[in-house]
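Construct the entire structure; sequences and hints are all you get.
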Amino acid sequence: MLQIGICDDETLIAARMEEMILEICRREGLPVSVEVFYSGNSLTEEVRRGTRFDLLYLDIHMQNGDGIAAAGRIRKLDANVLLIFVSGYDQYLMELFRLDVFDFIKKPVEKERFEQIFLKAVRRAGERSCYFVYTYRGEEFKIPCMEILYFESSGRKIWIHMKNGESCSFNGKLSDVSERLMKGRVPFLRIHQSYLVNYHFIRSRSRTEVRLVDHAVLPVSEDRRKEFDRQYGKLLGGEMDV
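Residue numbers (the UniProt record's numbering): 1 to 242.
No lab work stands behind these hints: they were computed from the structure.
The structure displayed is predicted, hence computed values, not measured ones.
Take every hint as true, because none was put in to throw you off.
The list that follows gives simulated cross-link-like pairs (lysine to any residue, SDA-like), each with its CA atoms no further than 25 Å apart: (1) K226 with L236; (2) K157 with E179; (3) K163 with L174; (4) K163 with L235; (5) K76 with S33; (6) K76 with R48.
Structure below.
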């Protein structure tokens, strides 16, 4: 399901964008959840609490936390969310490039352009969306794969270590996790009986260990070394579509 946020303190414009999104999704058969915020501060707090959006529409000028400042804070919390700014002003366009903005829509919002950009963003979100889903104590959780540094097996538990420094666990086997992730877009490499590592976060490697972007050092076992070297080299050479 697409998770979309709209942040605009002009209630009529926010309602109109929500209506257009729901109309497009009904027509295209896209499952969607839309949340509306009327200040950059309230949106930022929602993201800080752990809500992950696929797409955010932000007004630049708002009384309680402008869109550019909010986007800067949100980017530090979520590097993957697609940002679309909606504004009557275009003098901020250079500032928006710094925030890796997906697109810009000028007010008043034209329905045809809005739909064109929305569908383009949905396609991009689909390309990026790769989640690891697990169940713990009867509750289902999902984590974007690009938020995961590595998986660690310890006894019957699998620990998920994430970019933000947090960790969580569930009961399972690392071999099952590895098999499930083989079907995804984000490559994870088995370097050891106890470790499954996100290729994108390997900073350096030697014959006996890998160093990740967070400076964690993990061992490469002798029995895994040859296959790890083969997969790593193939990815490094750009032979695999990731």
